[in-house]
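For what it's worth, the UniProt record's numbering labels the leading residue of the sequence shown as 1, then goes sequentially.
These aren't lab readings, by the way, just hints derived from the structure by calculation. Fair warning: there could be bad hints in the mix.
[Claimed, not checked] In silico EDC-like links for lysine to aspartate or glutamate, alpha-carbon gap of 16 Å or less:
#1 Lys16 - Glu6
#2 Lys76 - Asp61
#3 Lys76 - Glu55
[To be verified] Have a look at the derived ranges for each label pair, beta carbon to beta carbon:
#4 Leu41 - Phe79: 20 to 26 Å
#5 Pro23 - Pro69: 39 to 45 Å
#6 Arg36 - Glu73: 20 to 26 Å
#7 Glu59 - Gly28: 44 to 50 Å
Virtual Cβ for every residue (Gly too), placed ideally from N, Cα, C.
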Amino acid sequence: LEEGAEDVPEAELRGKLRDLGAPAVLFGEGHGARLRRYRRLTTVVTKGPVPTTLELVEEKDMKVQGGAPKDKEARKWVFRQLASYFTMVLT
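Hey, can you work out the whole structure from these sequences and the hints?
In structure tokens, the structure reads:
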């Protein structure tokens, strides 16, 4: 299980995969691999000039404050700001 990712119970995960029209179980696949496959199938990629799985922020939130952040959540916010900025500039 990846850091920061939440686990999904096995029965629920199989049901979600079936709902997507994907096989519930592949031969030799463990729970972790099944969970990664589910996340890959449900990841949304933006259709703009900069394809990203990050959720874009509004223009008013794009300004980067101060220096480079140290913690993971703050860095992810900066990545979202940058993806949003380049999407805005290139469209």
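Evaluation of the provided hints:
1. A threshold of 16 Å between alpha carbons decides the hint, and for Lys16 with Glu6 the separation of about 15 Å falls inside it, so the pair holds.
2. For the proposed pair Lys76 and Asp61, the alpha carbon gap of about 14 Å is at most 16 Å, so the pair holds.
3. For the proposed pair Lys76 and Glu55, the alpha carbon gap of about 10 Å is at most 16 Å, so the pair holds.
4. For the pair Leu41 and Phe79, the supplied restraint of 20 to 26 Å holds, since their beta-carbon distance comes to about 23 Å.
5. The given range of 39 to 45 Å is respected by Pro23 and Pro69, whose C-beta atoms sit roughly 40 Å from each other.
6. Separation of Arg36 from Glu73 is about 22 Å and conforms to the stated range, judged on CB atoms against 20 to 26 Å.
7. Range check, Glu59 to Gly28: about 47 Å between beta-carbon atoms, so the 44 to 50 Å window is met.
Of the hints listed earlier, there is not a single one the structure fails to meet.
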